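Protein chains in written order, with our numbering: chain R, 1 to 553; chain D, 1 to 429; chain G, 1 to 228; chain F, 1 to 113.
Hints listed in this document are in silico derivations from the structure and should not be mistaken for laboratory results.
Keep in mind that this is a model prediction, so the values were computed, not measured.
C-beta atoms are modelled at their ideal positions from N, C-alpha and C, and glycine is treated no differently.
Please note that a few of the clues may not be correct.
Residues on chain G that point at chain F, a partial pick, calculated with CB under 7 Å [what the hints assert, rightly or not]:
#, residue
1, Leu41
2, Ala48
3, Ala74
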Amino acid sequence: MSDTQHNTQGDYLHNPSGLWSWVTTTDHKRIGLMYLFTILLFFFVAGISALIMRTELAHAGPDFLKAQQYNVLFTLHGALMIFLFIVPGIPATLGNFLIPLMIGAKDVAFPRLNLLSYYIYVIGAIIAVIAVIPPVETLSFLKSLGFTGPADTGWTFYAPYSLDTGAAIPWMVFAAFVLGFSSILTGLNFIVTIHKLRAPGMTWDRLPVFIWGSYATAVIQTLATPVVGITLLLVIMERLMGVGIFDAKLGGDPVLYEHMFWFYSHPVVYIMVLPAFGIVGEIIPVFSRKPLFGYKMVCYASLAIAIVGFFVWAHHMFVAGISDFSAIAFSVITFGVAVPTAVKVFNWVSTMYKGSISFTTPMLYAMGFVFLFMVAGTTGIFLATLAVDVFYHDTYFVVAHFHYTIQGGAVIGLMAGLHFWFPKITGKMYNELAGKIGWVLVFAGFNLTFIPQFILGMEGMPRRYFDYLPQFQPMHMLSTVGSFINGFGYTFALLNLFYAAMFSKVKAPANPWNSLSLEWKTASPPITENFAETPIVTEGTYNYGRPVEGLAH
Amino acid sequence: MFNFMPEQASEIASNIDWLNSLILWLSVFFTVAIVGAMVYFAVRYRRRDGVDHETPRIEGSNALEAVWTIVPTVICVFIAYYGVAFYAQMREEKANALEINVWAQKWKWDFEYASGKKTTAEFYVPVNRPVKLIMKSRDVLHSFFLPAMRVKRDVLPSAYNALYFTPIKTGVYQTFCTEYCGMEHSGMLATLHVVSQAEYDRWVNDRSEEIALSRVTPAERGEKLYNQKGCNACHKLDGSSAIAPSFVKLFGRNEQLADGTSVTVDENYLQESILHPNAKIVKGYPPNLMPAFEGQVSDDEIQALEAFIKSLTTAKQEQAAAAPADPAALAGMSPADRGKKLYNEKVCVTCHSLDGSRIVGPSFKGVYGRKQKITTGQEIVADDAYIKESILNSAAKVVEGYPPAMPAYQGQLSDAEVSDIIEFLKTVK
Amino acid sequence: MSSHSTAENYQGPPHVHHMDAPTAYSAAKLGMWLFLATEILLFGGLFAAFALFRWMYLEAFEHASQQLAWGWGALNTLVLLFSSFTAAMAVEAAQKGNNQRVFRLLAITIGCGFIFLIIKFIEYRAKYVHGIWPSSAEWNDPQFNAHYKSFFGLYFCMTGLHALHVILGMGLLAWALRKARVNRYSKEYYTPVEVGALYWHLVDLIWIYLFPLLYLVGHPSWHTPFGH
Amino acid sequence: MSHSHSDSHGQGLGHIVPASIFKKVFATLVFLTIVTVAVSLVDLGSMNIVVAMLVASCKALLVALFFMHLKYENPLTWVYAFFPILLLATLLGGVFIDNPMRHAPAPLSAPAK
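Here chain R stands alone, though its shape is the one from the complex (with noise of 0.2 Å):
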């Protein structure tokens, strides 16, 4: 790495400059940018799946897809969503740019491991979409390789069915190991970074609440993600070897399988809307002008989400056919994760007490957040009490309940970072009024969506369905038309973004909104060296207003 690559003068996006700079970057701030554009081109992509497969739906009985296609789609929306978006997500993207400036820092811990891990990402990525292309006949070579045809068993690879299933399950599932193992390594970075690089002053009772939110994540990334990758290579080994650890015809228990993959997958549901409750909490007390309502509770609340997040995973398997005593154990340690989460929510509300509230588009996005979370956190009350998740599971109910905890949280989560530190990351402002525009785009058809889903779930429909009885036309017209909605908006805002991040004329001052963290004291676009001389942290980031005596601190 020459010298020059850490000068201190120009910023971050011109210097250095050219292609070769950007590929070998290992500046914590370019890294994230890559990550970005990657995993936004696979939330239109898998978001597309979601608008054939909504139109599909409109109308009971098949209308252009047949059944195979139907299942392939869904696969594919589950699988790219979660694994090549919102996994790397908030923390790959705003943490991997946000982090070292927070807390004071020039770089990650290990910035060649932070490169590393962007193109074992994108390694990962190649591989799943390769596995994903239907079996044509000019790419016939691919079918010797073992690209058989996309997978259709859901993002879950449930054994025995993917066991037996024709379809290119080894290399989907050798893409979901690569994308995990780019995912620990991010994580341990941040854990390192977080320990390590903070600035003089900037004790852990001073850090931002979204860096608290990224260790806790970190945390999980790191822990509960190899879990995972030692059942996706026993699937592997299963379908090449028959090494009967799965199989229920060589003796293997599919029961098994289910444990070791919820292990994983339940904690990943944290570490998709953890980043996002550290957004929502720097957010909000910046637009309130007032500090973030019980500080040390909402980092504890991180914390604690991370920490019981571990040991409630069988609440996806009560009726699976495990044992009644286990099912009534992890339905009762399901509820200690709804606690902490009730405890932030009520902190960022009470927040906003007396303050000074501008709504600018973050801000909008945030408060969104607040009710699409509530609506989560409630409906997921329904399905940790034991005998009425008998009668949700499976069903529509769940479906919505998490695309209000993913994408009401996660993704509006990052929306709402994306606007917040729009400046910050180009240096330049985007139209307020557009945002809110593709707010109200989003809010709306989001809601619209899943609403009836709701419904559907209480009537009983089951999901992964592509065909379904006539009662249940209705709902299913409304989401769709929702759905549209809701694609329209994200594309609306995204390209306004886009569009202001390329085209814009509006240089954004270094502060624009004000705020007391540590990465708008440098300025906009940073530096490559973040700052100019390292920072003396004296205080907390959120004393906003002023200091009232006899007040409980």
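Please build the complex by placing chains D, G and F on the supplied structure of chain R, with the hints as guidance.
This is chains D, G and F only, laid out in the frame that chain R set:
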């Protein structure tokens, strides 16, 4: 007002619905309260005319934190308790439960009763008597879901799983498979009939269907299937083998395969060729012509077909097709209906689908009046004349991209029957 | 190559633009400990599967494990323990800046790694000859006891993955070894040796659990330690 | 939670463990290996696996504490050394409160027709 749950048809259902609406109302209350507070704060404390007003530096309040940690915990404990209590009721092993074996298989449900009665896709239970379903899968994971009874349980290939419910209302209830199991996952349905005890006893002991089936020798049953499933369209009994090998003296014969190897025709070869025809094609016959019958024929139907093929040691004259239905009934039907009856009887169904999918021949969906290009490159319109000619002398004008596999029906269909078929084709949109 | 890093060939820690040397050292160690945590959980999944299947098919597991040559397993354990010892000694030598001693000790450690792999190869060949090899003819033959298949499936997964990690560890130690040859280490900089040794100790740790679980679970027979 | 930059304990970077300790630890490890093999040849029934695991855990602790310098590390490293063990125990616990307690029902043996 918010209740969309299906009817309460089992003993546990009322408890579940009570708990469900309790959580629903708590959720609505807290969501409205918190989001309402947020909106109120947002409006009440909004920044006026672009200037931030003074705000107090309130950093937290331990009292409030305690309140909104303890209150949700108490509510959670309360809900969790009822969730566990009703689950325990739901999983209770009752003494005089009616036990039924349930077998899940890729895309159908089989039911076996203690009395030996076997049914598929529908089962009967007496009202007000506990039922215990003992379920296992023959291939992948499935899940037995009875929305009206509020019960569900996965069906594993590795172990038996039990599902308990006690129906309290007679009626017909829908059953779903809720664990993704492949292509026809959405079609793997069953219906539960809850009937009075008397009617149940009559139904369980009514074995007429099985007796009729058992009196027929497997070979006879095989012959019936041979016609019903459309094998007769290509596999002839008079020894001729234009498109497909004739069944006469087929069993035990050594066949040269397309890939050069040879195989003796035994039960395994026949079973494989019925389920996956393209696996071992005999030399000289066109591949991917015969549709795969996997999922459409059960194991015992395959055995019956094999018994029938074994019985064909001498060439037989073409049997008369199924006995013609009495003319009176036929007259009453509309031409299109008669055409549809012929479509099934003359096994056009085996090669021509109605839903647009391609099996062997062109699909009949929207065929009437469609412009087609035939193998000679000539452009034709599928009008009455073309269809009539294609039925009687099918090899005359074959549509491009399709094999000339259709047998000629010259002499097997009267003109009236042909025009009925054409009427039927007009209705297939 | 002088034994101690004297004044003229002393090389301090490498320059890293975003942190000073002590931070770099503690960051590298914390990073490796975290990576060891992920390796423990990676093998943890296999240990969980092994524990469950041993509980489900106890007799088959005990009988199947008797077909393993526990003698080779014990020998491999001693080889890895010795290599772990030499790796630890190498770290102590590096801390004192004695590059030559580091080179010799790491070379012995890597040598033990080779010996381990050779013994492993001998065991695998013995299994292959008996037809106990995934996707072999006997393996796919339905008569092959399904519960043996679970045991040997897990055996090959666990020892195979462990052998792969032995190779990775040897690569890491070779990278540290190369630096010793150019006198890179001193009191202020020996991170590669310590990080490489940490990874090697983990590989040894996992084998410490694999050996009793796979080889000794079925009362091995005293008189045929090296297989019949 | 200390956030001092370098964790030096006075002698250069990390704590130096004298070679003599390594020799003693190595000798103990070899001895324990012999013990675990010897115990496995005696049939103690279900206790065999418990003893094997205990001996293996002692060896593992020895390697971790001394060879890997864990004994001299700051508390943060201890957390990330033992948290995965706790997670592994959780996975095992979750599986073992499930499989052994399933009471699968006996299938209905339909009378031969």
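Which earlier hints can't be squared with this structure? none
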